[in-house]
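As you go down the protein sequences, you meet chains C, H, F, W and G in turn.
The numbering used here puts the last residue of the first sequence at 251; the count rises by one with no breaks.
The numbering used here puts the last residue of the second sequence at 251; the count rises by one with no breaks.
The numbering used here puts the last residue of the third sequence at 249; the count rises by one with no breaks.
The numbering used here puts the last residue of the fourth sequence at 249; the count rises by one with no breaks.
The numbering used here puts the last residue of the fifth sequence at 320; the count rises by one with no breaks.
It should be emphasised that the hints constitute simulated quantities derived from the structure, not laboratory data.
Each hint should be verified, as a subset may be incorrect.
Just the calculated beta-carbon pair ranges, DEER-fashion [claimed, not checked]:
1) H:PHE10 to F:GLU100: 44 to 50 Å
2) H:LEU93 to G:PRO303: 38 to 44 Å
3) W:GLU6 to H:ARG247: 28 to 34 Å
4) C:PHE27 to G:THR269: 43 to 49 Å
5) H:TYR50 to G:THR273: 33 to 39 Å
Every residue, glycine too, gets a C-beta built ideally from N, C-alpha and C.
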Amino acid sequence: MRTPRVVAPFFGVVGTVAVWWLATALFHIRPLFLPAPPDIVSAFRRQPAYLLHEAWATVTETIIGFGIAAAAGLGVAVVLAASRTVERALLPLFVALNSVPKVSVAPLLVVWLGFGPRPKIFMVVLICFFPVVVATMAGLSSTPAELSDLVRSLSASWWQTYVKVRLPWALPQIFVGLKVAVSLAVVGAVVAEISNPNRGLGAVIVLSGTSFDTPLAFAAIVLLALISVVLFYLVASAERLLLPWARAITG
Amino acid sequence: MRTPRVVAPFFGVVGTVAVWWLATALFHIRPLFLPAPPDIVSAFRRQPAYLLHEAWATVTETIIGFGIAAAAGLGVAVVLAASRTVERALLPLFVALNSVPKVSVAPLLVVWLGFGPRPKIFMVVLICFFPVVVATMAGLSSTPAELSDLVRSLSASWWQTYVKVRLPWALPQIFVGLKVAVSLAVVGAVVAEISNPNRGLGAVIVLSGTSFDTPLAFAAIVLLALISVVLFYLVASAERLLLPWARAITG
Amino acid sequence: MISLVEVSHAFRGRAGAVEALAEVDLEIGEGEFVAVIGRSGCGKSTLLRLIAGLITPSSGRVRVDGVMVTRPRPDVAMLFQQPALLPWRSVRDNVLLPAEILRLPRPAYAERAQELIETVGLAGFEKRLPHELSGGMQQRAALCRALLHRPRVLLMDEPFSALDALTREELAGELQRIHMDLRPTTVFVTHSIQEAVLLADRVVVLSPRPGQVRKIVEIAIPRPRSFGHNAHLEEVTEHVAELHELLLT
Amino acid sequence: MISLVEVSHAFRGRAGAVEALAEVDLEIGEGEFVAVIGRSGCGKSTLLRLIAGLITPSSGRVRVDGVMVTRPRPDVAMLFQQPALLPWRSVRDNVLLPAEILRLPRPAYAERAQELIETVGLAGFEKRLPHELSGGMQQRAALCRALLHRPRVLLMDEPFSALDALTREELAGELQRIHMDLRPTTVFVTHSIQEAVLLADRVVVLSPRPGQVRKIVEIAIPRPRSFGHNAHLEEVTEHVAELHELLLT
Amino acid sequence: GCGGSAKDEDPSGASSSPDKVTYLTAFGAVGRDAFAWVAQEKGYFKAARLDVTIQPGSATGENLKNLAAGQAQFASLDLVGAWILAGKGEYKDFRTIAVIHQQTLVSIISLEGSGVASPEELEGKKIGAATGSVNQLLFPAYAKAAGIDATKVQWVNTQPAQLPTLLASRQVDALSTFLIGQRGIEKAANKKAVVLPYSRYLTDLLGNGIITTSKIATGSPDLAARFRDAMLQGLRYTIDHPDEAAQIMKKAQPAADVAAAVGEITLMTPYVTPSGSSSPIGSVTEQRVARALGTLQTANLIPAGLTPSAVVDFSLTPKA
Ligand SMILES: Nc1ncnc2c1ncn2[C@@H]1O[C@H](COP(=O)(O)OP(=O)(O)OP(=O)(O)O)[C@@H](O)[C@H]1O
Ligand SMILES: Nc1ncnc2c1ncn2[C@@H]1O[C@H](COP(=O)(O)OP(=O)(O)OP(=O)(O)O)[C@@H](O)[C@H]1O
Ligand SMILES: [Mg+2]
Ligand SMILES: [Mg+2]
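Assemble the whole structure, with the sequences as input and the hints as a guide.
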């Protein structure tokens, strides 16, 4: 008798909400600091259309940016994994770039890319890129010796080696990078929106913050969390669909 | 005749600096937007002791937070990997938590934890935790069937299975998580410092920003990048030292 | 000691189910040495996994010591068809793994591990990692590991398949000696009919997929049996021919 | 065709170097079938890897077709000691891998793949993934893959080790037929002296580590040779005994 | 409060050991906040038996939260923003104890030659402002008083630190920000700036002020008074010696820029001195506060009902 798949997550969520509610009630936390769940629900119900509209902006930025970062990260990782020299020359630069606080880059992005969705998408790309690169590189260099011997013995070209063996083998690890990246993607979009709050849930957070409407800010944050969870599990399902063999050879 | 290890990174760095310099010179970019390398060097040379002192604050916060996050992430991942039910109940929560924009959490951390290094360390933990969890979980569930059959056939306890087989096998993947985390760690420290700019390079960035001293801000950013690169390669060397076998069985 | 009653096993896969074993009945007595032969893919490994408790039968009952097998038991050791060595452990530490897991005193077992390593001809390779060994050497390391803690039941899946004829004979001799000494109940899957006849009290012949017990042949030749020319050459040849015939049909 | 001149190979490791091959001299003619036997760990796999161009010798020269081997050649196929199947590809797609890589026309080779799969007895398993196969079935799939593109040179590292005696004989017969048909230059590592004698034109006996050519035995029995009782039984027995003796000392 | 390292020791016990308090600046470490470091450096705090930790503050909202949480006891902030929050009932447990800027410093700033030289020219232009800031909230009132149509202005929301860059890169035509940022903006844009202060039309609003929690204001007025006096002493010294004050701040906060700080201090000097020459620095009258609140009410920023004494502790503001 296995419990259905939704039972556990359901209890997880209900438990958290309950603890949260209890904490706000027991310690008399003011909504200014941490609103109770009903405050948030009512904040949402005051203007659902607005919130969903802004959420949609955030979602599109996130998805486009994530897609670009995934493709670019994969490509770059393949190049880096192909040559030790290139890796030694470029990887430190990527690490350095990645450590530049995004918050302080955001204003520059607006200067360069204007007020539209482009600086936000670019920020998502910036923030997602690195995990994909690191995970893919690790995956590409984890090909078992026997399989790489096999393709070498067939005189496979560099390209064939990657397409037929290294990349498929790396996929489970690439998905680790994608999963980390997708949850950072949402954060990236929001950071950019906070810095130039004309659209998106980030704007909602900033605007409600300045007017001390903490419940509204939390409603936006809850929506963000939902988006993040949905995107994360979309990636996870893609993994399950694409890689049945990976689960079969592990125990 | 292999070129020595430092040649490639050297050319990588020199190349970037050259391109940067050229760009600022050719397009007459003003130091306010993007200072040229010499501006930054002179900004650093004006007050090296101060910058290094603040850098040290950032480094300690980063390292402590990273250490805590690595340990906690490992522990949590082991628990999640051990039970599908627990995973289903908790993982969505972690994903949700991870998607809460850190920038909007930072002020709350100060409210709760004061002005000292604690909110910064906590932020580093928040930001590093998730990649470690995801990567470790993936690593733990990648044990080859033959090895998990082996320990099962020896009636190993749950604990033994993890300590003797699953964790060692997961180490290469755990290091992917640690590498991603360590470079996020620096970002986390800076985000917290920006929000409460009393110490650290984040404070330098904010304060120099308000006084329009962009070269100084960039000097801080360059220091951050250096710190990030050094920490990243420390983790990478730990990996090389600990896992010679992992390289040996891959080709 | 070991009893299988109407044991069937089918693997479910995307491309349909594979019936690996069908209605297998088998009784193995305490201390007995049973060899299992059969065509490739007929379910020999599946049979061992069922006894080891690594998988549970689709139907039927598997008992060890009268107890239903639902999970692995510490007194049953399994030697897998693949060496399954831990790549980060030296040969010695791989061999010592069962002692660590069963919390046996290390010094005594370290000594025993060394003896076993020398017996199988791996002296000098104790500190090397598995990837530095040849295929046959890896298999011998796995053999040491299975023998280390003197299990009551020994399940061996083609333990000598990667070894040359001579090493094979030597180690088969060694195995016979160990069996006469400690009398572990042994189930020995092999591809060599010769080896089966020379080692086993009984030889179980499985039919091709789905594996069913086609015949059980008693080998009554007294022990110790030697592998070269010997007094019972005729009986050996007869059994080999009979088993060969059984496999063919 | 293949020539090795004073070839030595040592593996460097943390625990010191292992001398795997020492001063091996060997000439193999076009279309010849050479079997290599030797104790486990004596350097047989290393020898094949050197010829395949997967590793380069520490000293000495390896030539194929008069050209120094510095990397793998597409006309040389290697069958590894491990099956080395791609876990995400079905049996058929694994077998077709060389055709894809060498850009051979797919339809023709798909047909050939199917024939080979049927020959080795894997019909019905074309669409299954490797983990759904038994050890011997995986080895047979790898065999199909090595034979697919009719290579000029065939390097086989214990291709039948995981197979039962009967399947082994069948496939050895098949291999002989293929060899008589297409005449690939074949280097065949085996643990079975019998098999070596029945398949090879010459049998190379390697001494234990470091591997050196101890003796090369010509097998002059006319082909096709059959595996059951045959007219040359005496010669076979003689050769087997001689090789056995050579391995022993 | 949520605990933390709150340091509210009993201030009534007039022991010899100084009272430990934490003070938040209005915004980082810029010229307008220099006087706190001056008070520290000149020993005014010590003389008042105070041990003050100066923390760079972030914004009105964050400063109030930290005050509420007990992480700080005193703060500087923009009084208009703080009073709007009090008026809306979001957070009321604070009292103003001194006024630093007697008029609001909020202004429209644009660059010479950008076509914005008077309020009328703002119509149809893009104005950058910190998201949801007082500057934006007050604009309708300003527009009405200046006789322009507030709806014809397009707002661009950003972070405060980003504003000069936006103007310099011509992404916006004008900014709404504090006029003391003028020098920095000129430095950033390399051009002279045009400043249109809100105070020209909204004469009653106040700028920055020093606040404390109502608990301290009522429970330990002595502590608050000592702190106020030390701060105002520092403020006085600062406007008398802008260069030295900037140097002092630079010493404490090396990332600060001396020239920009001197610029801010000189620009804010006229706003620090109260109009009636008899009233001292930092003081404010109840009528003035009432008028300021009235302005906010007519601008629909707060509901009616907020009394001056609910936001200002007149027993603690400086008296002549
Ligand atoms: N994990 C699995 N999933 C699906 N089918 C399996 C699995 N393992 C084995 N089989 C199938 O079960 C049958 C028996 O497999 P088993 O490994 O027991 O054979 P075997 O007798 O050990 O063969 P060999 O001598 O080749 O090792 C085979 O047909 C195989 O395809
Ligand atoms: N990658 C390696 N690193 C270090 N030593 C190795 C490596 N591969 C093989 N050796 C050593 O080289 C020697 C020869 O190995 P090889 O695999 O050629 O033996 P083999 O004759 O094929 O043995 P088997 O019959 O057991 O497969 C062995 O002693 C082994 O320990
Ligand atoms: Mg098997
Ligand atoms: Mg070998």
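Hint-by-hint comparison with the structure:
Look at H:PHE10 against F:GLU100: about 47 Å separates their beta carbons, and that is inside 44 to 50 Å. For H:LEU93 paired with G:PRO303, a C-beta distance near 40 Å keeps the hint of 38 to 44 Å intact. For W:GLU6 and H:ARG247, the hinted distance range of 28 to 34 Å is satisfied, since their beta carbons lie about 31 Å from each other. For C:PHE27 paired with G:THR269, a C-beta distance near 46 Å keeps the hint of 43 to 49 Å intact.
Roughly 35 Å separates the CB atoms of H:TYR50 and G:THR273, a value that falls within the hinted 33 to 39 Å.
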